[in-house]
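Trainee: The lines below spell out each chain.
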Amino acid sequence: MSTPDITRPDPAPTGRVLRHKLIDRIYHWLMALSVLILMATAFLPILGWKFEWLDLHWITGVVLTLAVLFHIIRAVCWQDIWAMFLGGQDLRDITGGGKPGKYTPAQKLYHLGVSLLILAAIGTGLLMLLKIDTPWWRRDPYWFSDTQWGVIYAIHGFGAMALITMVMIHIYFALRPDEWRLTRSMFRGWMTSKEYLDHHDPKRWKAKEDA
Amino acid sequence: MVVKDMMPNFELFQPTQVKDALAILDSYGKDAWKMAGGYDSLVWFKERIKRPKAVIDLSGIAEMQGIKETADGVEIGALTTLTDIENNSIIKTKYRLLADAVAKVASPQIRHAGTIGGNASQDARCLYYRYGLPCYRAGGTTCYADTPEGINREHALFESDRCVAVTPSDGAPALVALDAKYVLRSSSGERVVGSEEFYVGPKIDITHMTSTKPEEILVAIRIPNTWAGSHFYFEKVADRNVWDFALVNVAAALKVQNGVIRESRIACGGVSAVPRRLTAVEEILKGQPMNETVAKLAGNSATRGARPLNYNGFKIPLMANLVTRAVRDAKA
Numbered sequence: 001m002s003t004p005d006i007t008r009p010d011p012a013p014t015g016r017v018l019r020h021k022l023i024d025r026i027y028h029w030l031m032a033l034s035v036l037i038l039m040a041t042a043f044l045p046i047l048g049w050k051f052e053w054l055d056l057h058w059i060t061g062v063v064l065t066l067a068v069l070f071h072i073i074r075a076v077c078w079q080d081i082w083a084m085f086l087g088g089q090d091l092r093d094i095t096g097g098g099k100p101g102k103y104t105p106a107q108k109l110y111h112l113g114v115s116l117l118i119l120a121a122i123g124t125g126l127l128m129l130l131k132i133d134t135p136w137w138r139r140d141p142y143w144f145s146d147t148q149w150g151v152i153y154a155i156h157g158f159g160a161m162a163l164i165t166m167v168m169i170h171i172y173f174a175l176r177p178d179e180w181r182l183t184r185s186m187f188r189g190w191m192t193s194k195e196y197l198d199h200h201d202p203k204r205w206k207a208k209e210d211a
Numbered sequence: 001m002v003v004k005d006m007m008p009n010f011e012l013f014q015p016t017q018v019k020d021a022l023a024i025l026d027s028y029g030k031d032a033w034k035m036a037g038g039y040d041s042l043v044w045f046k047e048r049i050k051r052p053k054a055v056i057d058l059s060g061i062a063e064m065q066g067i068k069e070t071a072d073g074v075e076i077g078a079l080t081t082l083t084d085i086e087n088n089s090i091i092k093t094k095y096r097l098l099a100d101a102v103a104k105v106a107s108p109q110i111r112h113a114g115t116i117g118g119n120a121s122q123d124a125r126c127l128y129y130r131y132g133l134p135c136y137r138a139g140g141t142t143c144y145a146d147t148p149e150g151i152n153r154e155h156a157l158f159e160s161d162r163c164v165a166v167t168p169s170d171g172a173p174a175l176v177a178l179d180a181k182y183v184l185r186s187s188s189g190e191r192v193v194g195s196e197e198f199y200v201g202p203k204i205d206i207t208h209m210t211s212t213k214p215e216e217i218l219v220a221i222r223i224p225n226t227w228a229g230s231h232f233y234f235e236k237v238a239d240r241n242v243w244d245f246a247l248v249n250v251a252a253a254l255k256v257q258n259g260v261i262r263e264s265r266i267a268c269g270g271v272s273a274v275p276r277r278l279t280a281v282e283e284i285l286k287g288q289p290m291n292e293t294v295a296k297l298a299g300n301s302a303t304r305g306a307r308p309l310n311y312n313g314f315k316i317p318l319m320a321n322l323v324t325r326a327v328r329d330a331k332a
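Going down the list, the protein sequences come from chains A and B.
Counting along the first sequence from 1, when you hit position 3 you're at 3 in this note's numbering, and nothing is skipped either side.
Counting along the second sequence from 1, when you hit position 174 you're at 174 in this note's numbering, and nothing is skipped either side.
Hints were generated in silico from the structure; no laboratory data involved.
None of the values given here were measured: they were computed from a predicted structure.
Don't take each hint at face value.
[As the list claims (entries may be wrong)] DSSO-like mimics (lysine-lysine), calculated; alpha carbons at most 27 Å apart, straight line: (1) B/Lys181 <-> B/Lys53; (2) A/Lys194 <-> A/Lys21; (3) B/Lys181 <-> B/Lys331; (4) A/Lys99 <-> A/Lys194; (5) A/Lys50 <-> B/Lys181; (6) B/Lys50 <-> B/Lys30; (7) A/Lys50 <-> B/Lys286; (8) B/Lys19 <-> B/Lys30; (9) A/Lys50 <-> A/Lys102; (10) B/Lys203 <-> A/Lys50; (11) A/Lys206 <-> A/Lys99; (12) A/Lys50 <-> B/Lys30; (13) B/Lys46 <-> B/Lys30; (14) B/Lys213 <-> B/Lys30; (15) B/Lys213 <-> A/Lys50; (16) B/Lys255 <-> B/Lys286; (17) A/Lys194 <-> A/Lys208; (18) B/Lys331 <-> A/Lys50.
[As the list claims (entries may be wrong)] Here chain B is said to cover these stretches of chain A; the calculated rule only asks that three of the stretch's residues, wherever they fall, bring their Cβ under 8 Å from a Cβ of chain B: (19) 61-69; (20) 93-107.
All residues carry an ideal CB built from backbone N, CA and C; glycine is no exception.
Starting from the given sequences, assemble the full structure and let the hints guide the process.
Mentor: Okay, structure coming up:
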């Protein structure tokens with residue numbers, strides 16, 4: 001059975017195209033929940049809300065790590081990893097006003113920033129697990145010197161603080177009415193063919209019809 | 001490096017009323033230090049580890065001193081000295097557990113000036129923390145006691161979370177066993193909390209031993225009638241007989257009728273950051289005869305869940321034996 005060619009210009013396109021598969025949406029919301037829990041357990045105690053935050057924090061951190069690992073493997077092996085990297089065409093889009101592929105240059109830049117911050121927070125957070133008792137090991141802070149720990153904590157703290165800004169930016173754009181099609185697609189997976197043709201270059205993002 | 005020569009400068013305030021002390025607290029916020037008897041405070045200052053901008057010497061506030069009977073029990077001003085509590089006739093006849101406990105604190109000289117508020121709220125005695133290292137309790141990011149090489153003979157068996165320091169108080173377990181309530185006053189009002197809320201472990205707040213907020217003062221401790229005249233037992237084991245902190249202590253209050261334990265409250269100090277109430281033991285004891293077998297069962301149950309560190313495994317049999325003795329030997 002042949003797939004309908006929805007990239008062909010249609011004067012009144014009424015169909016839907018698939019933007020995010022279910023598995024990618026699950027990953028996105030799992031990551032969102034993890035980041036929010038991590039931020040809450042990190043910052044609320046500092047703001048004066050006293051509760052048992054540590055176990056929830058590190059367990060959520062491990063969940064986020066596994067989710068990110070899954071995402072990286074999936075992006076490398078099963079998805080077009082270059083679709084999320086900034087390239088020369090993106091720069092030409094910014095200056096020339098052309099339609100983007102699946103992601104805009106701003107989205108790619110945002111993804112790059114969040115990726116670096118989350119990887120920094122995860123990497124240092126995993127090292128910090130050495131300082132607490134887990135089901136797998138007893139703590140031992142002498143893996144690193146005090147100075148090295150200082151650097152690790154500084155990177156972790158900077159990553160966490162910067163993520164607050166990134167999350168605020170993300171939520172702001174997700175709630176903007178002109179970006180609602182993207183937010184909806186993260187809930188339901190699809191965008192309309194009209195939205196697809198209005199906002200994206202079908203030559204650079206060959207979307208499939210939503211089943 | 002700890003410098004033990006002289007205290008750094010601070011503004012000293014000596015208010016005579018609680019409201020004045022609260023006003024000073026409000027104006028200095030976290031830079032203020034509340035001092036009662038001063039035995040803990042002055043050491044911190046001399047060692048230059050704590051450097052408050054303002055010290056509020058509460059000892060001149062008459063309202064916070066003395067013991068008075070109320071309709072519900074007894075109210076002890078937070079500045080009441082340990083000696084006064086030890087010798088008070090109401091405490092001795094109705095709440096002997098507390099008199100027995102405070103009589104074991106430090107030395108007679110210290111008990112003459114040390115207060116029940118200070119004793120109940122006192123800070124951890126972990127040697128790494130006291131030495132001024134940047135440990136978790138000091139606001140840092142490492143526990144130096146719970147490491148492969150850490151010296152942790154005096155440290156926690158239970159509920160440690162990064163910090164393994166314990167409550168060093170002798171009065172606190174007795175107050176827990178007597179179901180005491182803590183009256184905390186700030187310029188915005190007063191709140192009365194039970195021991196479960198007053199004492200906080202490192203899981204909740206790693207830099208404080210109690211839930212007293214910077215703007216609050218512990219003005220009094222109320223002991224209800226509930227346990228007045230019960231069977232009591234207090235015992236403290238330390239390296240020295242005087243002027244030493246407990247390795248483990250136990251405070252027990254038991255309601256006994258015809259040789260049967262109807263109800264009990266038992267707490268141990270020196271085994272966790274907060275006085276550890278032994279609720280599982282209390283459940284086991286309900287309705288049981290007060291004898292050696294039941295006492296041994298209580299002792300063995302008390303240490304369930306203990307996680308010894310490298311050098312404090314001895315505390316497990318010590319705690320078990322103390323609880324056994326408390327249940328077996330409590331007297332009215």
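Trainee: Does each hint fit the structure? Answer for all of them.
Mentor: Verification of the hints:
Restraint check: the Cα-Cα separation between B/Lys181 and B/Lys53 comes to about 31 Å, which exceeds 27 Å; the hinted pair is violated. Of the pairs offered as hints, the one joining A/Lys194 and A/Lys21 holds, with about 19 Å between alpha carbons and a cut-off of 27 Å not exceeded. The suggested pairing of B/Lys181 with B/Lys331 holds, with an alpha-carbon distance near 24 Å, which does not exceed 27 Å. Restraint check: the Cα-Cα separation between A/Lys99 and A/Lys194 comes to about 14 Å, which is no more than 27 Å; the hinted pair holds.
A distance of roughly 20 Å separates the Cα atoms of A/Lys50 and B/Lys181; the hinted pair therefore holds under the 27 Å criterion. Distance hint between B/Lys50 and B/Lys30 is fulfilled; the C-alpha atoms sit about 12 Å from each other, no more than 27 Å. A hinted pair counts as satisfied when its Cα atoms are at most 27 Å apart, and A/Lys50 with B/Lys286 does not qualify at roughly 34 Å. A threshold of 27 Å between alpha carbons decides the hint, and for B/Lys19 with B/Lys30 the separation of about 17 Å falls inside it, so the pair holds.
Using a Cα cut-off of 27 Å, the hinted pair A/Lys50 and A/Lys102 is violated, with the two alpha carbons roughly 43 Å apart. Between B/Lys203 and A/Lys50, the direct Cα distance comes to roughly 9 Å. Compliance with the 27 Å bound is thereby established for this hinted pair. At roughly 13 Å between alpha-carbon atoms, A/Lys206 and A/Lys99 fall within 27 Å of each other, so this suggested pair holds. The hinted pair formed by A/Lys50 and B/Lys30 meets the criterion: a straight-line CA distance of about 17 Å does not exceed 27 Å.
Straight-line distance between C-alpha atoms of B/Lys46 and B/Lys30 comes to about 19 Å, which keeps the hinted pair within the 27 Å bound. Taking the CA atoms of B/Lys213 and B/Lys30, the gap is near 9 Å; set against the 27 Å cutoff, the hint holds. For a cut-off of 27 Å, the pair hint linking B/Lys213 to A/Lys50 stands: about 12 Å separates their Cα positions. This hinted pair checks out: B/Lys255 and B/Lys286 have alpha carbons roughly 10 Å apart, not beyond 27 Å.
Proximity of A/Lys194 to A/Lys208 is assessed by CA-CA distance (about 14 Å); at most 27 Å being required, the pair is judged to hold. For the hint linking B/Lys331 to A/Lys50, the alpha-carbon distance of about 39 Å lies beyond 27 Å, and the restraint is violated. Residues of the segment 61-69 of chain A lying with their CB closer than 8 Å to a CB of chain B number 0, which falls below the three-residue condition for coverage. Counting residues of the segment 93-107 of chain A whose C-beta lies closer than 8 Å to any C-beta of chain B gives 0; at least three are required, and the coverage claim is violated.
Violated hints, in rising order: 1, 7, 9, 18, 19, 20; the structure is consistent with all others.
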